[in-house]
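A.B. asks: The lines below spell out each chain.
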Amino acid sequence: MLQSIFYGLTIGGILYITSIGLSLTFGAMRIVNFAHGMVYSVGAYGLYYLSHSLGLPFLVAALGSLLLAIPLSYVIERLVIRRLYGQSIDYAIVATYAVLLIGVDAIKWIFGPNPLPISDPVGISLNLGFLEMPVYRLIIIGLSFLIFVGLSIFFKKTIVGKIVVAGLQDREAVRSLGINIDRYFAIVFVLGSALAALGGVLYAPLSTVQPYMGFQVLVLTFAVVIVGGMGNFRGTAIAAFSLGLIIALTGRIWGPAAEAMVFVVMAVVLIIRPIEV
Amino acid sequence: MLLSVENLDVHYGSAQVLHNVSLHLNPGELVCIVGRNGAGKTTLLKTIGGFHAPSRGKVSFKGQDILGLPPEKVALKGLKYVFQDKRVFGELSVRDNMELAAFPTKEPLSEAVAKLVAIHPKMEKLLGSKAKGLSGGERQILLIGRALVGAPELLLIDEPTEGLAAIIIGQIVQILLSVKSKLSMIVVEQNLSTVARLADRIYIMKEGAIHREITDPEIIRQPSLYENDL
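Heads up: the sequence lines are chains A and B, in that order. Numbering of the first sequence is given in my numbering, commencing with residue 14 and proceeding in unit increments. Numbering of the second sequence is given in my numbering, commencing with residue 6 and proceeding in unit increments.
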């Protein structure tokens, strides 16, 4: 049981890190951004390429992978997302889904369609007798907590964070003060995308990297955003860890239902609190 | 002339909501726009503020054509929009709200806060409070205080007394009159007794057009003389 809770917290940590950017773009810009899944995959494949193909140490490869995702997400924002502000949500779905498909095909073209393994970079476990905790998973939980604290400070204490918080509530009112809100949303978009890439980096050693991993995480992160509330930073964290625990605990009872339970929870939330798009 | 609006047409899809609207504002003037719900008052104000693109017409501010500029650029030119519905940034503190207003204008936060406190000293005690906890009147005062940051020359204020108690309306009117010497204002207002206390001139709007302009102070002070025109 404790082992399942521990694994659930790891899944929750990765879901949180991956979801926060999606929550912001969904909440602030009202854009359903499927390209988020592509950036997540790029993070994982970047790690694979830099660590396996070039032989760089894990930390350097992870950092390099994030640095690769930042200009990529900037290009996506400038060429695709920025043209979707204020447009119908349908356009956003079609345009960003196209970006995701292009990304998947590009990955298959470069790396092939087969799953590729990345080993646990730490490879040590803490054995408490009743609970075995891989240190790498502990690092993921710790890192997600640090990111939560860091983002909380960012949104409460920095002017960029305050502008985004205000823009989430009332974009027009921010513009009426003389602030070009789109510029700040773009910064946050890149930040959120970098976090998605970090999610991909962190998840890769727990599983394998494969071309469709972006699709799989996307449905889970959308569930997190819907359960936690669009643009709700604290809600996203609570939802991510709760759903992570639900996946792990359901998986312990009946494996095939693990991820399905996430959508049961999402459905219940939607019934209680429908989304206005 | 500070502001000139000429022959403005605005459409929402295929529906025309403003018809050939023209008005002007002189420096130091406080002009009220009155009319029933749906007359086009807010649409007119938002079009001047850059939030709506008209299908025809011209808007000049200090002799410069501002039509087509985004709202943030219009604001930085000294034309500030104050929304109706008391739209403060509720999750931020009162001080943070002022910080956001000060940021694009490069005005020090202390000066921005001083402007807010100057129009309503009680706001000093509320600086650390979240704006969502403010009363309706305090929210409206915060909105006016935010708009005063920088060096605005014209405020576009939409329904500042809507939903407020009579005593609070009196405070808002006093605040608007106190800042009137420093800048010009266009105020959309439905409460005609408030209009009578505030306005130098009145435009009455009906069905998306300017129906009547009232310039005579004697008439302005007696709403009974024009309330049937709404």
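No wet-lab data here; the hints were simulated from the structure. Each hint should be verified, as a subset may be incorrect.
To be verified - In silico BS3-like links for lysine-lysine, alpha-carbon gap of 30 Å or less: (1) A/Lys170 <-> B/Lys130; (2) A/Lys169 <-> B/Lys67; (3) A/Lys169 <-> B/Lys130; (4) A/Lys170 <-> B/Lys137; (5) B/Lys67 <-> B/Lys82; (6) B/Lys211 <-> A/Lys169; (7) A/Lys170 <-> B/Lys82; (8) B/Lys120 <-> A/Lys170; (9) B/Lys185 <-> A/Lys121; (10) B/Lys127 <-> A/Lys169; (11) B/Lys211 <-> B/Lys63; (12) B/Lys111 <-> A/Lys170; (13) A/Lys170 <-> B/Lys135; (14) B/Lys111 <-> A/Lys169; (15) A/Lys170 <-> B/Lys78; (16) B/Lys63 <-> A/Lys169; (17) A/Lys169 <-> B/Lys120; (18) B/Lys127 <-> A/Lys170.
A.B. asks: Take the hints in turn and mark each one as holding or not.
C.D. replies: Against the structure, the hints come out as follows:
1. A/Lys170 <-> B/Lys130: 20 Å, holds
2. A/Lys169 <-> B/Lys67: 38 Å, violated
3. A/Lys169 <-> B/Lys130: Given pair A/Lys169, B/Lys130 holds - Cα atoms ~20 Å apart, limit 30 Å.
4. A/Lys170 <-> B/Lys137: 18 Å, holds
5. B/Lys67 <-> B/Lys82: Within the cut-off at roughly 9 Å; holds.
6. B/Lys211 <-> A/Lys169: 45 Å, violated
7. A/Lys170 <-> B/Lys82: 28 Å, holds
8. B/Lys120 <-> A/Lys170: Status holds; Cα separation ~23 Å.
9. B/Lys185 <-> A/Lys121: 66 Å, violated
10. B/Lys127 <-> A/Lys169: 24 Å, holds
11. B/Lys211 <-> B/Lys63: Holds, at about 20 Å.
12. B/Lys111 <-> A/Lys170: The given pair, whose Cα atoms are some 18 Å apart, holds under the 30 Å limit.
13. A/Lys170 <-> B/Lys135: Holds - the C-alpha atoms of B/Lys135 and A/Lys170 are around 14 Å apart, at most 30 Å.
14. B/Lys111 <-> A/Lys169: 20 Å, holds
15. A/Lys170 <-> B/Lys78: Holds, at roughly 26 Å.
16. B/Lys63 <-> A/Lys169: 41 Å, violated
17. A/Lys169 <-> B/Lys120: 24 Å, holds
18. B/Lys127 <-> A/Lys170: Since the Cα atoms of B/Lys127 and A/Lys170 sit roughly 25 Å apart, the hinted pair holds (cutoff 30 Å).
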